[in-house]
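Hey, can you work out the whole structure from these sequences and the hints?
Here are the chains, one letter per residue:
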Amino acid sequence: MSEAEELRFELLEEIESAYRPPVTVQLVLYSIILIVTTVVLLFSPFSFDLKILAFLFVATYFYPLTVKLRGKIAGSIAIGLFASTISVLFYYLITKIQEFTIGNIAMLIIIMEILGVELLHHVSERLKFGRNKILWIADAILTAIFFGAMYEFLAFFFKLDIFLTLLIDAALSLLFFIAVIPEKPF
Amino acid sequence: MLDIILIALVGFAVGFTLAWLFFVRPDEITLKVLDHLVSRYLDERTFSVDKIAQELGMDKKVVEKAIKKLERAGIVAKIPKRGYFLQDPLVFLSPKDYEKALRLTKDDNILYGAYQAPYKVSLAYIIAQLFVVILAVVFSAFAYFNIFGVGDMVRGFLPENASLELFLLFIIALAIIVADVINNFFRWLTRERYSVIVGFYSGVSYDVSVTDELSGKIPRGAIANVDINVNWIQKLNNFFGGVPVGDVIVYVRGRKTPIVFRSVPYPRELYYVLRSIQLGSLQWRKKHARTLALWRMGWFPFYGYGGRRRR
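The listed protein sequences correspond, in order, to chains A and B.
Straight run, no breaks: the first sequence in my numbering ends on number 204.
Straight run, no breaks: the second sequence in my numbering ends on number 346.
Rather than coming from a laboratory, the hints here were simulated on the basis of the structure.
You may find that some hints are simply not true.
[What the hints assert, rightly or not] Result set (SDA-like, lysine to any residue): computed pairs, CA atoms no more than 20 angstroms apart in a straight line:
no.	chain 1	residue 1	chain 2	residue 2
1	A	K114	B	I268
2	B	K270	A	L45
3	B	K103	B	K113
Rendered as structure tokens:
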């Protein structure tokens, strides 16, 4: 094999790593982000619960951006961070609700749906770009829940005419559906 | 204080375990079908499920399932009335556009096919997307800390028993959805408009306008030189984003200005494909077809510490 051919072989085989920083740099960068976040949060006026939530959010958000490792462990850590953030967010919001009115519950459902789906798409490319029947059905179910929750929210907060409420609800639900449907990677 | 830490740990453990259990592994049947296709159908020869099942001596339904899996990953494409084609792994086109490319290049071997995505590295596009979310976050911060009386104003608007924190998070969540929709809209508007196709015999075909159908042509022999340029925004995208992009510059004989393909996915690979057809050296294609197909499936290579490949 000639030198030119050998060079081509290396580049084509390790196709993505040629574009990314070395793994050590990725890990160091991620560690720096976590350390800076910790220091900033330590001196912030937020409650302990909010500090934990903010830390987890930063850790989950920056993990897929900085750490470009592919494989079972890296993928499982990303989903683990996502699940941890969403569980803490749910717990935090539940403790913050003073009165469980329909409006508050509707807002909670919508927030959990939007942040849950968006964060999951952010951490998992397979789920973001995957186009199979199960994901389409899941998206349809999520949109139906969003539609119901948004209707309750609009009725509770704005007390508009039912037709107008349904119209705004349908428009927002359509936006939600467009945002969560599986995307094309290229 | 301890309860929230416990919830965080339990959440992590549950998510990690579920992801670990449902991690998609390369299955033997799909690998067997892929190996067979790569070794016998690389040069765009059509095949049917029946034919592959017969050749491999396997059940038709099992083979069909494996081929569907390969189709979802973009390894094979189904063209109506013609059957399945094995795509080169560097073809990042929709089945519809792949079919169009085959038609317009008279069934040439398509070595590379993708869409230019200049919007991806456009500062205006990035800012427009971030603007909505940043606006919502700033508004929420002003309301939360009651800066300039924004908090009082929001509280005055909300019903008595509504939670302010929940409402502010709700606003941010809606802003994220709006930003996502803007992103999808831009992608839809620009995607599948500016294709770049590299065929083994036909050379480079590309769209010159939004409504074009690959009327731009660079014959194989007309390529004088190829260059690659990755600007700082593209570099940032390649470091932290999803699909790596860059500009590929093609100098054509008899033409003063070069043709620039902006923000094409995997520009280094396009560069090598162009250099290969320029030099007539495509040995790598067959040699590494399997590796590239496995990479496309997301099954290989998995990088270990230090960026080295683990077999």
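Outcome of the hint check:
A C-alpha spacing of about 41 angstroms is found between K114(A) and I268(B), which places the hinted pair above 20 angstroms, so the restraint is violated. A threshold of 20 angstroms between alpha carbons decides the hint, and for K270(B) with L45(A) the separation of about 18 angstroms falls inside it, so the pair holds. For the proposed pair K103(B) and K113(B), the alpha carbon gap of about 9 angstroms is at most 20 angstroms, so the pair holds.
Taken one by one, the earlier hints fail for this structure only at number 1.
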